[in-house]
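Chemist: Start from the sequences and build out the full structure, keeping to the hints where you can.
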Amino acid sequence: MVYIGIDLGTAYSCVSVIEDGKPVMIFSDDGKFIIPSAVAYCGTEILVGNPALIAATDISNVLYDSKRLIGYNVLNGAFLPDEKSFLPFRVETRNRVVGYVLNAGQPNERFLRPEDVSAEILKKLKTIAERYLPEKEMAGAVVTVPAFFNNDQINATKRAIQMAGLDLKYLLEEPTAAAIAYYNKMKITGSTIMVFDLGGGTLDISIVEIKNEKFDVKSVCGDAHLGGQNFDERIMKYVIEEIKKSNNYDISQQPNLMKQLRRACKEAKESLSFQMESWNVKLDINGDTSVNVEISRSNFNQLCEDLFDKAMKMVELALRTAQILTEQIDNVILVGGSTRIPKIQELLSHKFGQTKLRYNANPEEAVAHGAAIIADALEKGVETPLINNAVNELPWNNNDLQIGYNANPEEAVAHEAAISANDLEV
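Taking our numbering, the leading residue of the sequence shown gets 224, the next gets one more, and so forth.
Have a look at the derived ranges for each label pair, beta carbon to beta carbon: (1) Ser308 - Glu332: 18 to 28 Å; (2) Ile277 - Glu315: 25 to 35 Å; (3) Pro357 - Ile411: 33 to 43 Å; (4) Ser475 - Asn299: 16 to 26 Å; (5) Lys255 - Thr512: 27 to 37 Å; (6) Met224 - Val297: 37 to 47 Å; (7) Gln476 - Lys408: 47 to 57 Å.
Quick list of in silico lysine to aspartate or glutamate cross-link-like pairs, DMTMM-like style, CA-CA up to 25 Å: (8) Lys533 - Glu493; (9) Lys349 - Glu242; (10) Lys349 - Asp252.
Keep in mind that the hints were calculated from the coordinates and are not lab data.
Being a predicted model, the structure only gives us computed values, none of them experimental.
Note that beta-carbon positions come from the ideal geometry of N, C-alpha and C, so glycine has one too.
Modeler: This is the structure in structure tokens:
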């Protein structure tokens with residue numbers, strides 16, 4: 224019998240398990256441990272991950288961002304105006320549920336709730352885990368959620384987990400999961416850490432004090448509209464305007480070109496986040512015409528200046544909420560693929576000092592690793608205050624922000640949770 228840990232992400236998702244006392248990632252059949260959180264509905268066939276992104280189907284039937292939509296009953300809350308303009312699919316509100324419209328206006332039109340799409344992603348992760356563990360019974364799962372999820376979002380996520388056929392053992396907040404993974408790896412006690420988790424769709428921050436073999440979560444906060452996709456869309460908007468000026472051609476009304484553009488701009492962001500100081504965004508307009516738009520790293524930083532400001536304001540909120548000074552933070556743990564962006568690292572280094580930043584070769588792994596560690600503790604029957612004890616609420620009211628949720632929908636557990644560090648060693 225084994226329990227798995229799942230990071231159900233906005234842009235990417237992955238699954239981890241404990242082997243020989245250590246958390247390991249489970250690779251999918253394409254040899255990668257992360258899969259895009261995208262689902263393509265191709266008639267009677269449903270594709271998940273990379274196959275969905277390259278599927279030969281109507282682009283409006285390739286759905287993503289279910290994690291951003293889940294639990295909302297008003298469309299304006301789920302997406303900012305700029306974000307909606309880049310969506311290739313149709314979203315609307317029906318019966319006080321925000322969801323997707325497949326085959327809009329056709330006889331086979333369907334309305335899908337975000338949890339329907341998330342369930343398909345979870346089914347794929349379940350299948351990946353089952354193939355990896357053929358001789359073991361997969362008896363349960365710990366699934367991670369953003370720190371800022373409210374009760375509606377939590378309950379909708381639980382419905383998705385149930386539809387996927389997973390036995391939910393615990394919902395764990397993403398930054399807390401990353402802190403657990405960090406402790407498990409470094410075994411550092413007597414310190415205060417900040418987990419800065421900037422993923423594909425969201426920013427989550429937590430401040431955790433590790434003292435006397437206990438985890439004391441001092442604060443959590445997050446932004447549902449700040450992640451890698453927002454940086455991609457700034458480049459997309461820039462390229463669209465440059466093509467308008469140079470070619471007098473508007474690609475924003477061409478769904479297939481927008482799909483190509485999103486992929487090209489994501490590649491540009493990633494290239495500028497490594498060694499490249501500039502990058503050419505290349506698009507094939509048709510068989511005979513292509514365009515190139517150059518973007519430099521400094522240009523990228525200017526385009527995203529307000530996004531960087533939002534991230535650092537969230538850092539300040541986390542510090543104020545925890546009533547902790549900047550110099551009291553001993554380590555800043557960088558989690559999520561978007562922490563590779565050089566400007567993010569530069570701003571955090573300026574705030575806390577370069578020596579306090581802790582990088583991971585694969586920042587996408589940390590959350591799933593933390594979930595796997597908790598899953599293993601639950602499978603072994605280890606009792607921890609994180610799971611069993613309800614404590615006081617955080618000193619602000621932000622969408623009913625909560626640190627942890629038991630598998631029982633009626634029981635919200637742990638705001639400032641004291642987690643036994645001994646119980647987290649595997």
